Amino acid sequence: MLTVANAKAKYDKQLILSIDKAELPYGQFNVLTGPSGAGKSTFLHMISGQLKPTQGQVHWQKQALYTLSESARSHWRNKNIGFIFQDFHLLPSLSALDNILLPHSFSHYTIPHELRQQALALLDSFAIQDVHKNINKFSRGERQRIALARAFIGSPEIILADEPTASLDKENAQFVIEQIKAQATLGKFVLTVSHDPLIIKQADHILNLHRGVIQHESMDAA
Amino acid sequence: MNPWMLLKAWYLQYRWPCFIFISLFSIALSLGVALLSQERAIKQSSANVSDQFDLIIGAPGSKTDLILDIVFLQTGFLETVPTHVWFQLLDDKRIEWFAPIVLGDGYQNSPIIGTTAVLLEALYGEKVQFPNMQAAFVGANVALNAGDYFQPQHGMLESNDQYDMEENTHHVNYQVVRKLPLTGTPWDNAILVAVEATWDIHGLGDGHTHEHEHQGEHQNGHDETIQLGKFDQHSPLKPVSAFVVKPSSIASAYGLRSDFSTNETQAIFPAEVMVSLYSMMGDARLLMSYITLICEALVMLSLLFSIAALFALFKREFAILRTIGATRNYLLVSVWLFVFSLMTVGVLLGMLLATIEVQWISHLLSSQVQFSIEATLGTQDWGFALTILFIGSILALLPALFVYQVSNEKIMQSI
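Keeping their order, the protein sequence lines are chains A and B.
So the first sequence is numbered by this note's numbering: it starts at 1 and just counts up by one.
So the second sequence is numbered by this note's numbering: it starts at 223 and just counts up by one.
Treat the hints loosely; a few may be bogus.
Negatives, chain B to chain A, calculated, CB over 10 Å [as the list claims (entries may be wrong)]: (1) N224; (2) W226; (3) Q235; (4) A344; (5) N411; (6) I448; (7) A506; (8) L520; (9) S528; (10) L532; (11) I542; (12) S588; (13) Q627.
Pairs of lysine-lysine residues, derived as PhoX-like cross-links and limited to a Cα-Cα distance of at most 25 Å, are as follows [to be verified]: (14) K349(B) with K537(B); (15) K52(A) with K315(B); (16) K230(B) with K79(A); (17) K10(A) with K349(B); (18) K13(A) with K537(B); (19) K315(B) with K468(B); (20) K137(A) with K537(B); (21) K349(B) with K133(A); (22) K79(A) with K401(B); (23) K349(B) with K401(B); (24) K137(A) with K230(B); (25) K349(B) with K315(B).
Don't read these hints as lab results, they were simulated from the structure.
From a predicted model like this one, the values you see are computed outputs, not experimental measurements.
Note that beta-carbon positions come from the ideal geometry of N, C-alpha and C, so glycine has one too.
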């Protein structure tokens, strides 16, 4: 369970987020929605350990996230969270395989053989053929699948996605949603920030954020 | 932690900035190193040239002028040495050999030097004799070959004016006997003739006593009756520009220098004069080294600011790297290694370039100064390059710290 209690977040003294209490379960397809500027991305930054709340705390299971040092939070994030972004954020000069393995070079001098095998298997399951090809030579749909593989490798417990379908066509968007949902069925924590109706209608648990405050919470939207 | 995968991404992503950085850095370094090594080579080469002359006796005046005229054959005006000095030298037991030097004539751009065969042996290792008064030996760089005839001119004419040429030409034909081996000194550009010949064409006689002169046997030249280069206390000797002296021992050298430092003559050790010149240049060299070092540092600093500016443009990428788990330390090390690796390549390439530049500049300078300057990169140059690299490794922290100090929170706000 992710628990955010009595947490406030500010940018330049301006209150962006004010969460009295939010509890999000593991094993479900959680979706955070709301209009632009509602604080959705700030919420993601806060629960991923990148934005320390000015008050309150974020608990992952029993771990109070902001009792850890900044460096420890980076290590924790590297080990436990898989991120998926709207614009993929893959390094343009690296191959598909290197992009996937890059986050693991932060914590390993030599990438373990099992991780390399897992990366190849993930790319294969996502129908990415030439894994050594430069990332710029892949289509948008393929790039998002590569970004999915980067988020899933190492089997992190938490998957956070920020508008993962915003730049994709319907077919590719559906593929991405299915893959993220599949991670939830494995018992992982999954949270997707989106206002894509295709995602919202498939969510298990929806949080609606408005001006930094949770307005509405609904279960089993699907 | 392994930053190489990220570095590989940056090398490929910023390949043109990397290329420009390495190019500018290596060019700046190579010029600095070439400059310093060239200065050292000039000093070494000029010392090698002057080493051939142990002691020079000339008329009082500037020591530097005497060296420039005699050792480096830079034609200037030298007062002549009185003839009694010659007689003193003939009887001096402290001398292994000595040779007169008479300057004043030239042919095209080559000075004509009146001397004796003993100097040819000392400078060129050629045991030869002047076969007659018209014989000339030419240095390796003189544009004359064995068998060629030429007419000497008074002084070194700088104009090509026909009237001047006619007016100043001695109507005597010298014939080249042999081309001398290359020595890498200004003497490769010299034409050597018998000292008697230089006196004779100026109407001073040949410096020898002729028993038959009064009997009208002084016919076509003096060659049959005199032994060129052999003089005694009765020879009607004439003034010369200077004497090159080879003392028999170090003690003799100091004794001779002392004895011939009078109102009428000065005796100098060329090496000693060169050392005093070098010590004066030494301060300039130190200053030059510092200026070069500062210039290199400024080049580095400007390049580093360019790199920092480049990274500032791509701060979103750093935010993403932090999001997917890169620590500040990881990015600090990566950025530092990135810049430092570019500098290392720049230093290696710079030293390679410097090797080529040094050869090229040496060749260029050698043709200007008319003696061989052979510059090579030595430990001092590598020391200089390593100093630059060390300073660079510290300066490379600037962009690294720039990336380190920007909090992800700030970046998140701005993107």
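A quick look at each hint next to the structure:
1. N224: 5 Å, violated
2. W226: 8 Å, violated
3. Q235: 4 Å, violated
4. A344: 68 Å, holds
5. N411: 59 Å, holds
6. I448: Per Cβ check, I448(B) is outside 10 Å of chain A; nearest 87 Å; holds.
7. A506: It holds; A506(B) is separated from chain A by about 48 Å at its closest Cβ, greater than 10 Å.
8. L520: 31 Å, holds
9. S528: Per Cβ check, S528(B) is outside 10 Å of chain A; nearest 19 Å; holds.
10. L532: 14 Å, holds
11. I542: 4 Å, violated
12. S588: 48 Å, holds
13. Q627: Nearest chain A Cβ is 13 Å from Q627(B), so the label holds.
14. K349(B) with K537(B): 78 Å, violated
15. K52(A) with K315(B): Judged against 25 Å, a Cα distance of about 97 Å means the pair is violated.
16. K230(B) with K79(A): Distance ~23 Å between K230(B) and K79(A) Cα, so the pair holds.
17. K10(A) with K349(B): 97 Å, violated
18. K13(A) with K537(B): 23 Å, holds
19. K315(B) with K468(B): 11 Å, holds
20. K137(A) with K537(B): 24 Å, holds
21. K349(B) with K133(A): 76 Å, violated
22. K79(A) with K401(B): 83 Å, violated
23. K349(B) with K401(B): 13 Å, holds
24. K137(A) with K230(B): 18 Å, holds
25. K349(B) with K315(B): 23 Å, holds
Checked against the numbered hints given earlier, this structure breaks hints 1, 2, 3, 11, 14, 15, 17, 21, 22; the rest are met.
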